[in-house]
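Throw the hints in and build the complete structure from the sequences for me.
Number of protein chains: 2
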Amino acid sequence: MLSKVRIALDAMGGDVGAPVVIPGAAILLARHPDIEFLLVGDRAKIEPELDKHPALKAASRIIHTDVAVSMEDKPSQALRRGRKKASMWLAIEAVKKGEADVVVSAGNTGALVAMARFCLRMLPGIDRPALAAIWPTLRGESVVLDLGATIGGDARHLVALAVMGAAMASVHFNLTRPKVGLLNIGVEEMKGHEEIREAAEMLRTMNLPQLDYVGFVEGDGIGKGLADVIVTEGFSGNIALKAAEGTSRQMLEVLRSAMASSWLSRIGYLFARGAFQTLREKLDPRKSNGSVLLGLNGVVVKSHGGTDAEGFAYAVDVGYEMARYDLLTKINQMLNRDGGALTSVPTAQEAVS
Amino acid sequence: MLSKVRIALDAMGGDVGAPVVIPGAAILLARHPDIEFLLVGDRAKIEPELDKHPALKAASRIIHTDVAVSMEDKPSQALRRGRKKASMWLAIEAVKKGEADVVVSAGNTGALVAMARFCLRMLPGIDRPALAAIWPTLRGESVVLDLGATIGGDARHLVALAVMGAAMASVHFNLTRPKVGLLNIGVEEMKGHEEIREAAEMLRTMNLPQLDYVGFVEGDGIGKGLADVIVTEGFSGNIALKAAEGTSRQMLEVLRSAMASSWLSRIGYLFARGAFQTLREKLDPRKSNGSVLLGLNGVVVKSHGGTDAEGFAYAVDVGYEMARYDLLTKINQMLNRDGGALTSVPTAQEAVS
Chain A
18 MLSKVRIALD
28 AMGGDVGAPV
38 VIPGAAILLA
48 RHPDIEFLLV
58 GDRAKIEPEL
68 DKHPALKAAS
78 RIIHTDVAVS
88 MEDKPSQALR
98 RGRKKASMWL
108 AIEAVKKGEA
118 DVVVSAGNTG
128 ALVAMARFCL
138 RMLPGIDRPA
148 LAAIWPTLRG
158 ESVVLDLGAT
168 IGGDARHLVA
178 LAVMGAAMAS
188 VHFNLTRPKV
198 GLLNIGVEEM
208 KGHEEIREAA
218 EMLRTMNLPQ
228 LDYVGFVEGD
238 GIGKGLADVI
248 VTEGFSGNIA
258 LKAAEGTSRQ
268 MLEVLRSAMA
278 SSWLSRIGYL
288 FARGAFQTLR
298 EKLDPRKSNG
308 SVLLGLNGVV
318 VKSHGGTDAE
328 GFAYAVDVGY
338 EMARYDLLTK
348 INQMLNRDGG
358 ALTSVPTAQE
368 AVS
Chain B
18 MLSKVRIALD
28 AMGGDVGAPV
38 VIPGAAILLA
48 RHPDIEFLLV
58 GDRAKIEPEL
68 DKHPALKAAS
78 RIIHTDVAVS
88 MEDKPSQALR
98 RGRKKASMWL
108 AIEAVKKGEA
118 DVVVSAGNTG
128 ALVAMARFCL
138 RMLPGIDRPA
148 LAAIWPTLRG
158 ESVVLDLGAT
168 IGGDARHLVA
178 LAVMGAAMAS
188 VHFNLTRPKV
198 GLLNIGVEEM
208 KGHEEIREAA
218 EMLRTMNLPQ
228 LDYVGFVEGD
238 GIGKGLADVI
248 VTEGFSGNIA
258 LKAAEGTSRQ
268 MLEVLRSAMA
278 SSWLSRIGYL
288 FARGAFQTLR
298 EKLDPRKSNG
308 SVLLGLNGVV
318 VKSHGGTDAE
328 GFAYAVDVGY
338 EMARYDLLTK
348 INQMLNRDGG
358 ALTSVPTAQE
368 AVS
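Protein chains in written order, with the working numbering: chain A, 18 to 370; chain B, 18 to 370.
Among the hints, erroneous ones may be present.
Chain copies aren't distinguished; within one or between two, either way the pair holds.
Said to hold, decoys possible - Using 30 angstroms as the maximum straight-line C-alpha spacing, the simulated DSSO-like pairs for lysine-lysine come out as follows:
(1) Lys208 to Lys91
(2) Lys208 to Lys113
(3) Lys91 to Lys196
(4) Lys91 to Lys241
(5) Lys208 to Lys102
(6) Lys208 to Lys101
(7) Lys208 to Lys304
(8) Lys91 to Lys113
(9) Lys304 to Lys241
(10) Lys102 to Lys62
(11) Lys62 to Lys74
(12) Lys299 to Lys241
(13) Lys113 to Lys101
(14) Lys241 to Lys347
(15) Lys347 to Lys114
To be clear, the hints were calculated from the coordinates, so they are not data collected in a lab.
Quick look at the structure:
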């Protein structure tokens with residue numbers, strides 16, 4: 018029998034905190050009974066929520082702290098005030114101490130990246146962490162990274178992202194050699210920033226056994242599912258993600274008002290409500306909640322700060338899967354395969370920012 | 018009575034050329050009879066199309082050339098082979114010579130940017146051209162630039178984009194002081210690349226009378242309509258645009274298959290087909306065709322290469338409006354207002370790329 022997956026939750030993280038985190042954990046526990054939770058935060062806020070979910074209560078342990086990182090704290094402030102004290106820090110530290118397999122927080126992204134980096138340290142050969150998410154496409158799903166853990170980066174950084182993204186895709190999609198593309202503004206060789214062209218050259222030359230480099234992919238190629246992994250530095254990754262989220266919200270709004278616009282369309286809506294239900298489920302933004310912070314000595318999952326319990330459960334589910342299928346070991350194996358994917362990369366350059 | 022708007026068309030541009038360009042021009046002429054067309058390209062290909070549209074024929078003059086820039090040409094190749102010869106060049110040159118008020122091409126973007134820059138030259142105070150488009154939002158429409166005319170750029174470049182974008186917004190939306198936002202990965206002051214933070218500081222300090230700087234806008238803020246003008250350098254602008262286009266196409270596809278999934282949903286579709294028609298019209302990607310190449314001594318409009326006649330007509334319409342309302346004079350006025358918006362900008366830095 019498999020051992021339990023131990024998940025540490027920053028119970029104070031997000032716009033709401035415990036009233037979203039605790040019921041979210043309860044939803045996921047019903048889906049996967051093989052979880053033990055470490056709930057980190059203010060006992061006075063956690064316990065009343067926990068009393069409503071007896072099964073979760075039985076599968077949880079509380080680590081009390083009344084210090085919380087706020088959504089407005091700068092990373093440096095969060096570190097100064099919260100190191101060794103805040104719920105976010107202590108939840109990350111539980112992974113470091115081996116008390117949890119994965120940590121999930123809906124808190125402030127900048128603070129989470131800084132604390133995770135400081136507490137867990139980077140994997141050998143990786144300079145900076147990256148946020149990776151599962152992006153729904155016309156052909157299924159793809160891993161897209163970096164969505165904004167850091168910004169800018171040289172060719173070597175992009176190659177590291179490719180290797181980490183491929184590891185995540187092989188865990189998540191059960192692929193042996195995921196297709197990897199570099200996000201660019203055109204597919205022709207001469208397009209884009211120098212570091213992207215250089216990374217393309219490196220990936221082609223290295224011809225790694227763990228990933229299949231397929232070339233440049235444009236912004237609309239992500240949704241077409243042209244590659245299993247789409248690699249870009251954190252600034253453009255964040256812009257792409259949010260532009261897509263914004264468009265999707267905008268279209269649902271237009272659809273809603275079109276369907277409410279006349280008697281006929283409202284009758285039509287009644288007939289087709291099954292189809293609309295499917296549509297809503299397919300497009301539910303809560304389902305793509307949960308990005309993984311890659312490159313660290315530990316698995317850290319970031320949830321949207323503004324999500325509800327159902328959405329938070331999806332983020333915890335990402336963490337569950339990554340822990341259950343041992344993402345970290347897999348990344349380490351990929352990095353070290355054939356004498357180390359990244360140590361064989363030519364000279365490192367300075368990062369752009 | 019107003020004088021006619023004279024529009025030069027690169028009749029060979031785009032994936033199809035004359036069979037899209039000529040009927041596209043005919044569609045627009047029916048909408049705005051106050052246009053004269055200069056059709057630049059191979060007479061043998063233009064005339065058979067023109068014979069199908071007698072009204073257009075009467076309002077057009079052909080400038081013959083059998084040289085055309087291909088969609089695959091690099092900018093340098095296009096310039097070498099096509100300078101003073103290709104339909105794209107000659108159409109741009111008609112603007113330079115004062116024979117046309119605006120030029121529209123569906124040809125290769127890189128070649129168009131290079132040729133326009135070389136032939137028309139930049140406006141005083143502007144170093145590089147920028148592609149600006151009208152982006153549909155929940156609150157109406159916004160101008161977004163640069164969508165990929167060039168990539169990277171320092172703070173001064175971003176300020177120049179802000180001024181040009183504001184000029185376009187005031188022409189297009191009839192606003193006296195459009196709200197301008199800088200695209201960034203967060204709204205907090207310390208977020209993003211240094212050049213963006215520096216541009217924010219400049220725009221705040223300059224407090225220009227022609228635009229109202231409203232701060233950073235995230236990727237999903239574009240669709241929310243948080244500003245009339247969204248400014249970013251060409252790499253992230255192109256990524257944002259294409260990620261949004263890809264998402265929109267993906268959602269229409271999901272909607273289509275959901276509505277076809279059962280008998281009930283098909284019946285519902287019949288009842289609601291008026292609403293779906295409205296929806297399709299609202300979301301018609303052809304309607305947002307036509308980006309304006311700003312910063313030059315002349316108005317140049319770029320159409321998607323793969324559009325149809327209806328879509329091409331939308332791009333020509335953008336050019337018509339920009340010429341009718343005298344975009345160029347307006348940009349020049351904005352640039353020179355109060356002693357020159359851009360000459361008062363602090364020291365220029367080197368561009369990032």
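Handout entry: Enumerated hints in conflict with the structure, sorted upward
Key = Hint check: nothing fails, all pass.
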